[in-house]
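Chemist: Protein chains in written order, with our numbering: chain A, 1 to 103; chain B, 1 to 228.
It is possible that some hints are incorrect.
Per label pair, the in silico range of CB-to-CB distance [as the list claims (entries may be wrong)]: (1) A/Leu28 with B/Leu155: 39 to 49 Å; (2) A/Asn56 with B/Lys182: 46 to 56 Å; (3) B/Glu92 with A/Met64: 27 to 37 Å.
Okay, derived cross-link-like pairs now, DSS-like style, lysine-lysine, Cα gap no bigger than 27 Å in a straight line [what the hints assert, rightly or not]: (4) A/Lys83 with B/Lys96; (5) B/Lys119 with A/Lys32; (6) A/Lys32 with B/Lys4; (7) A/Lys34 with B/Lys166; (8) B/Lys96 with B/Lys123; (9) B/Lys119 with A/Lys34; (10) A/Lys32 with B/Lys10.
Below, a sample of chain A positions facing chain B; criterion: calculated Cβ distance under 8 Å [to be verified]: (11) Arg17; (12) Gly30; (13) Pro46; (14) Ile49; (15) Ile76; (16) Lys83; (17) Ile99.
By construction, these hints were calculated from the structure, which means they are not laboratory data.
Backbone N, C-alpha and C define an ideal beta-carbon position, used for all residues, glycine too.
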Amino acid sequence: MTWLSIIIAGIITYFTRMTMVALVDRELLGEKIKAVLAYVPSAVFPAIIFPGIFINDYGAFIEMNDPKIFGAIVAILVGYFSKNVIATILSGLSSYWVIIFFL
Amino acid sequence: MFTKKQLFTKGILAVAPHMFSVIPFGIVCGAIGIELGFSPIMVYAISIIIFGGASQIVFLQLLSGGASTLIAVTSVGVINSRHLLYGAVLSEYLEKLSFIKKLLISYIVVDQGFAESNKFFQKNRNQPYLHYHLIGTGSTLWIFWQLSTLSGIILGSFVPEELGLKFAVPLTFIAIVVQDLKKLDHVIVMITCGLSSLLFFDAPYKSYIIISPIIALFVAALLLRLKK
């Protein structure tokens, strides 16, 4: 039963990836929709970023002094000025660790 | 003009920095599966069959928590429905591929690969063989995801929870969108999406992950209209 559900979940996931690439004719999308699609990264990724920072493992909002908020601010500043992905990730993680392990 | 090999290499290099979050998150995913009591083979098979970080964790957590398989499968579908948006964006650059190639390349469309390849595509619209860049990002992510979930399965409870390795996930996506903070319209769209995701976080089947992008895209459409 579990195996069957894994395979079905896999097929559904594959369809989410494949449908727009292989099955839907791009001509069906109007010019306006194509213009809006340029915003997809900005419209999707914050839905991963915000809960990843502000909501804990138990589904509750974190306190405003949570180290994750500090880590995220450091990462945003470092990322903005350095334009470097590795520096962004490592600065955010290390500033978070400094607070939870040393302060 | 770039050769196929150059594009493939550029794709690998573009996505390589994200391994600093993919590897820890993959390890966590593998370890959680074992911790929840699933067999190593099953946890690993999920990485290959579903191949989608957050959805894999949710799937196993729901099943181990006694949720019906229908709820678990639906949640995976809802969480991964954001790929429809990635596909809609990428289809412009993949239009000329044969149907079979489209079917094959679709399997490796993942968040970070989409994000980095899309950035490259926007700047290099007129290159032929653009899809080799996507193959570079996608296959790199695939290989490292498999290796890291496998490590997590082997390491299991040796992965210290206190490290908070999952925090690497929001950081990797901050790195992807942070340069768009220079554009006011993008900032408005991002804040709309972020606040919506918190507001709808408790919506059933983790649907906040697709509800908030839809709201944000409506706001983007309004902004485009105002710009004119």
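Chemist: Identify every previously stated hint that the structure contradicts and give their numbers, smallest first.
Modeler: 2, 3, 4, 6, 7, 10, 12, 17
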